[in-house]
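Quick note, the sequences are listed as chains A, B and C, same order. Residue numbers for the first sequence follow our numbering, beginning at 1 and rising by one. Residue numbers for the second sequence follow our numbering, beginning at 269 and rising by one. Residue numbers for the third sequence follow our numbering, beginning at 562 and rising by one.
If you are wondering where the hints come from, they were derived from the structure by calculation, not from laboratory data. Small disclaimer: the values here were computed from a predicted structure and weren't measured. Every residue gets a Cβ at the ideal spot worked out from N, C-alpha and C, and that includes glycine. A couple of the hints might just be wrong.
Unchecked claim - Computed spacing ranges between beta-carbons, pair by pair:
| # | chain 1 | residue 1 | chain 2 | residue 2 | range |
| --- | --- | --- | --- | --- | --- |
| 1 | B | V317 | A | R99 | 50 to 58 Å |
| 2 | A | V78 | B | S412 | 20 to 28 Å |
| 3 | C | A1021 | B | R370 | 51 to 59 Å |
| 4 | A | Y169 | B | D474 | 23 to 31 Å |
| 5 | A | L67 | C | E1025 | 55 to 63 Å |
| 6 | C | D1009 | B | L413 | 37 to 45 Å |
| 7 | C | P631 | B | L334 | 17 to 25 Å |
| 8 | A | L67 | B | S456 | 47 to 55 Å |
| 9 | B | S456 | A | V78 | 52 to 60 Å |
To be verified - List time: in silico DSBU-like cross-link candidates among lysine-lysine, alpha-carbon distance up to 35 Å:
| # | chain 1 | residue 1 | chain 2 | residue 2 |
| --- | --- | --- | --- | --- |
| 10 | B | K323 | C | K725 |
| 11 | C | K647 | C | K725 |
| 12 | B | K323 | C | K923 |
| 13 | C | K770 | C | K757 |
| 14 | C | K896 | B | K323 |
| 15 | C | K959 | C | K880 |
| 16 | C | K597 | B | K323 |
| 17 | C | K647 | C | K702 |
| 18 | B | K323 | C | K770 |
| 19 | C | K597 | C | K702 |
| 20 | C | K921 | B | K323 |
| 21 | C | K896 | C | K817 |
| 22 | C | K963 | C | K742 |
As the list claims (entries may be wrong) - Output of the computed footprint for chain B on chain C, the stretches with three or more beta carbons under 8 Å from beta carbons of chain B:
| # | segment |
| --- | --- |
| 23 | 655–669 |
| 24 | 674–688 |
| 25 | 734–747 |
| 26 | 832–844 |
| 27 | 983–995 |
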Amino acid sequence: MTQFMTFRQMLRRSVYVIFMAVVLAFFAVPMLWLASAPFDSDPGLGLRWPDWTLDNWRITFDHPYALGSLVNSIILCVVATAVTTVFGTLAAYALSRVRIPGRDALLYLLLLLSSVVTGTAAMVPIFVMMFQLGLINSQYATGLVIAGGMLPAAIFILKDFIDSVPRSYEESARVFGASPTQVLLHVVLPVARPGIATILVWAFVQAWGNFLLPFLLLRDVERQPAAVLLRTLKDEGGSANLTAIPVVALYLFVSKRYGFRFHGGIKA
Amino acid sequence: MSARDTSGLGVARAVGFVSPALLLIGLFLVFPALWTIYIGLTDYSLTGVSSITPKFLGLTNFMNALDDALFGNALWLTLVFVIGSAVLGQNLLGFALAWLLRSARPSLRRLVEGFVLLSWILPSVVVAYLWTAVLDRDGGTLNSLLGNGNTAWLVEYPMACLIIFNTWRGTAFSMMLYSSALAAVPPSQLETARTVGASGWQTVRDVVFPHIRGHVLTNTLLISLWTANDFTPFLLTAGGPNHESETLPVFIYQQAIANGELGYSAAISFLLLIVNLVVALLYLLLLRRREPK
Amino acid sequence: MSPRRKLALTATVATAAMTMALAGCLGQQQESDSAKNADAKDVTLTITSNSVAGGKNDLGARWVTDWVIPEFTKAQKAKGVNVTVKYDGTGVDDADYKAKIALDFGTDIGGDIVEIDGIWLGEFAQGGQVRPLDDVVGKDKVDGWDGWGQIPDAVEALGQFEGKRYGIPVGTDGRVLFFNKKLFAQVGLPDDWQPKSWDDITAAAVSLKSLPGVTPLQLNAGTAMTEATTMQGVLPLLAGTGAEINQDGKWQGDTKNVKEVLDFYQQVYRGNLGDPLLQQEAKGRDKSFELFSQNKLGILLESDYFWRSVVDPVTGVAKMADRDTAVGWAKIPAKEPGAGVGKQDFVSMSGGSIRVVNPKTKYPQQAWELLQFMNSAEATKARLGDTAQVTQRDDVNKEVLKGDPMLSFIAEEVLPITRYRPGLADYPKVSTALQQATADVISGKSADEAATAYQAALVAAVGEDDVAGG
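Bound conformation, chain A alone (with noise of 0.2 Å):
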């Protein structure tokens, strides 16, 4: 190997080099606003020096529910993306595994349900259904809803991931008597962990921003979790109470503490 680059190799370093520092400030440049907005005494549509003040965050914490959305967002979407990877993860083992012809169709065609259902068109159905149902105002019952949305997806998902895993390493495993469910927990789990992982953030992140759901199942305010919230930051006439910003750097910080233990954690 020689000792120094050749050119070619210089020419593709900086090209790398170059295309990373473009990346980073596409995703960085927009989030700049975020930065200087919630310390803004009077925060504006563009993006200013801002004239620097802490009200708009003393404001945020007497707000009588900020803090209690962030709370109600987290059991939500706990509820949802246990739900989901639980649920998802056997359904799609099972699927990978005792194949049923036309699984993927079948799948996809979950799918397609999955995007009428989360549009603004089925809302009618699922509040006549939930009501007859009586689970109106249950927090538990809406992250049961959000799951189910989720969970073709997750399963579509996940599949690729199992099919993945050699059968090999489940007919070992079997050879040495090891029952389907240590079979399921010891050998595949371990191995499709990056799917799963996967699924977890995806799972969080989508419940975390659903809106139309929490606003029609829940009635109480006290119950509302963020999404919901954030969209009350307006005044009167509707124009936007920019002031309200640092709600959402909360929900940053918690979003990034809470979401993203899972990723780490599982991913090894």
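Chain A is fixed; fit chains B and C onto it per the hints.
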């Protein structure tokens, strides 16, 4: 033809594993979805006379939609949006990042991944503000950087803005998925390719792609579906100027919420579903496994 | 048929059957008995409105939780009735709120007293979701309230549909032309500017054009601002030509009046008196407020909400520290003196919310008591706290608006000449068509083309029989 049941699950247990998911899906997804499709056959609306005695219209809503110039407009814009920002934008950028970051220094990797993920988890309302700040005519970051003052990006190039915006917004998922998928590619094969002197592009094409083909299809299908249903463009351009960036979800929202015509909007949702189905079949044809299975 | 296929088929049929059955559950009607539970001693009532503490209409929300509920509970206790009043407040977009209460009305978990935008009354009434007060509470009880005498007829009309009372208005507003006195001074226009015709407005705007970096006039247009275009743009102008949007049972299509309005739009935007790009941006309305507060906009047509909540020196979203000296207001003139509706020289448009009693309430009499309570002079004053706002009651207005010249102006000079939008179910569609017409004009079409397209859209939306003109 019996499946090779390597896990020893047996049909009974398999059914047991699938049931919880199936129960939730059946109750909270299939049932409301079918009901929504049924509503598409009526003139049901949230208020007014049609809310108490909706008339069964059969296929009238669908016929009206296909005739509606705005529907055709929305459909076309949605296709452009999906191909531009999802199939090309998110897919390519997501893969590029996943591939390049594998061998990057951990601190760089964490930095880039952090920002990319952050752009994805921010709520839509906030992201709209961020990008309005960037693209704003007067105080916008982009105009300041370019130094030329006053282009109203969102008004003059709405679709281009939306495509770039959505690429920014959603790349994280593709990146995550491909990252996980690449982790499963046997390192020995990659090593072999390197020693043989294959270029990066050749390695991707010959070694990596066969392994992740299924993932590519899954990812493309998913992000296309999600992008086609994405409502966030509304927050940036409100479908404007003059319907120039009115994708189908925005159009559906206008019909359902602004006009209260749930029957019509349900019908359009169903049409959107059909379109997605057609597109999915296209992808399938392109990426279908050649080996018999 | 294979067993699996059969199963799938049965499942589909069963689902479909259940779907049909449940679909019938939508929109059921019940008979309301106004004397129901009149003597109950343990009562639960819920108030629903689109305000939430810390967010939208924060003041209103806090008034309910901190004043109405405790005071009413105390008053009822003195009569020996145990009442629990709950507050169901959200603070979302009007459209989302409307969807939510529409769904609520279809079930029986909605609030007992619900606040709705006056403009929705027509469609909710036609859909049977709200019923006349006389039916829900009883004619004698309704007529017996002394508050009616304090509410001007025009304002009371907000809560009426087809001649019947459905609810009590919460308050109202008025639209005027706001202008920046500092910019006016720079071009030699007077502090007490009061245009008497549309030409006066354009003349002032032309003078302002000479100031660098200043947009002379903001006349809402386009579809991005939705109802704000219609209410703060088209309808006041239309009233200025002598017509209301729904006259003699028909909607104004491609009529002389509508043409005059679109011509004015063309004049303003082709003549660079307004900024067409601003109208097309998603946040255009917010931006126009920002520009005004930064002294970059000369004249703005808005409701008193602008004065109270946008440029208010302390709590405004685009505050102006010198609001009281720098912001002037003038009545909106008719096209020419005497050309306005009712042969008026000046015109305005107003809107507002009303509170209705849910026909599905379990306690109609008690709900009516609560509603009367919320609309008493004392309660109304309490709602305002130390802010000023135009309320539905004359007696309260006289007191609280004393210190605010702008709002007194609204109450005394604007309300008597104002008009309200027709609360008909088709109104939103008409409004959308009007917005589209203005959008056509600012994007380059001629007023004639826009008017023709408007006529076509209107006929498609509401049917040929209900459209005048063309």
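Hint check:
The supplied range of 50 to 58 Å is met by V317/B and R99/A, whose beta-carbon atoms lie about 52 Å from each other. For the pair V78/A and S412/B, the supplied restraint of 20 to 28 Å is violated, since their beta-carbon distance comes to about 42 Å. A C-beta distance of roughly 57 Å is found between A1021/C and R370/B, which places it inside the suggested range of 51 to 59 Å. Y169/A and D474/B have their C-beta atoms about 26 Å apart, which keeps the hinted 23 to 31 Å range intact.
Taking the beta carbon of each, L67/A and E1025/C are about 56 Å apart, inside 55 to 63 Å as hinted. Judged by the Cβ atoms, the range 37 to 45 Å given for D1009/C and L413/B holds: they are separated by roughly 43 Å. Remark: the range hint 17 to 25 Å for P631/C to L334/B is contradicted by a beta-carbon distance near 58 Å. Judged by the Cβ atoms, the range 47 to 55 Å given for L67/A and S456/B holds: they are separated by roughly 51 Å.
For S456/B and V78/A, the hinted distance range of 52 to 60 Å is not satisfied, since their beta carbons lie about 39 Å from each other. With a C-alpha separation of about 28 Å, the suggested pair K323/B and K725/C falls inside the 35 Å cut-off, and the hint holds. Distance check on the hinted pair: K647/C and K725/C sit about 28 Å apart at the alpha-carbon level, within 35 Å; holds. Note on K323/B and K923/C: the hinted pairing holds, with a Cα-Cα distance of about 31 Å set against a maximum of 35 Å.
At most 35 Å may separate the alpha-carbon atoms for a hinted pair to count; K770/C and K757/C meet this at roughly 20 Å. For the suggested pair K896/C and K323/B, the alpha carbons sit about 45 Å apart, so the restraint of at most 35 Å is broken. Taking the CA atoms of K959/C and K880/C, the gap is near 27 Å; set against the 35 Å cutoff, the hint holds. Between K597/C and K323/B the alpha-carbon distance is near 33 Å, which keeps this suggested pair within the 35 Å criterion.
Between K647/C and K702/C, the direct Cα distance comes to roughly 24 Å. Compliance with the 35 Å bound is thereby established for this hinted pair. Taking the CA atoms of K323/B and K770/C, the gap is near 55 Å; set against the 35 Å cutoff, the hint is violated. Distance restraint check for K597/C and K702/C: the Cα-Cα separation of roughly 14 Å lies within the 35 Å cut-off, and the hinted pair is therefore satisfied. Restraint check for K921/C and K323/B: satisfied, since their Cα atoms lie roughly 24 Å apart, inside the 35 Å limit.
Among the hinted pairs, K896/C with K817/C is consistent with the structure: their alpha-carbon atoms are about 13 Å apart, no more than 35 Å. For the given pair, K963/C sits about 23 Å from K742/C by alpha-carbon distance, which is consistent with the 35 Å threshold. Coverage of a stretch by a chain is defined here by at least three residues with a beta carbon nearer than 8 Å to that chain's beta carbons; for the segment 655–669 of chain C and chain B the count is 7, and the condition holds. Beta-carbon proximity to chain B at under 8 Å applies to 5 residues in the segment 674–688 of chain C; the threshold of 3 is reached and the given coverage holds.
Requiring three or more residues with a Cβ within less than 8 Å of a Cβ of chain B, the coverage given for the segment 734–747 of chain C is violated, as only 0 such residues are present. Here's how the segment 832–844 of chain C fares: 5 of its residues keep a CB closer than 8 Å to some CB of chain B, so the rule of at least three is met and the hint holds. A count of 4 residues in the segment 983–995 of chain C with a Cβ less than 8 Å from any Cβ of chain B is obtained; the coverage claim is therefore met, three being the minimum.
Hints 2, 7, 9, 14, 18 and 25 from the list above are not met by this structure, while the remaining hints are.
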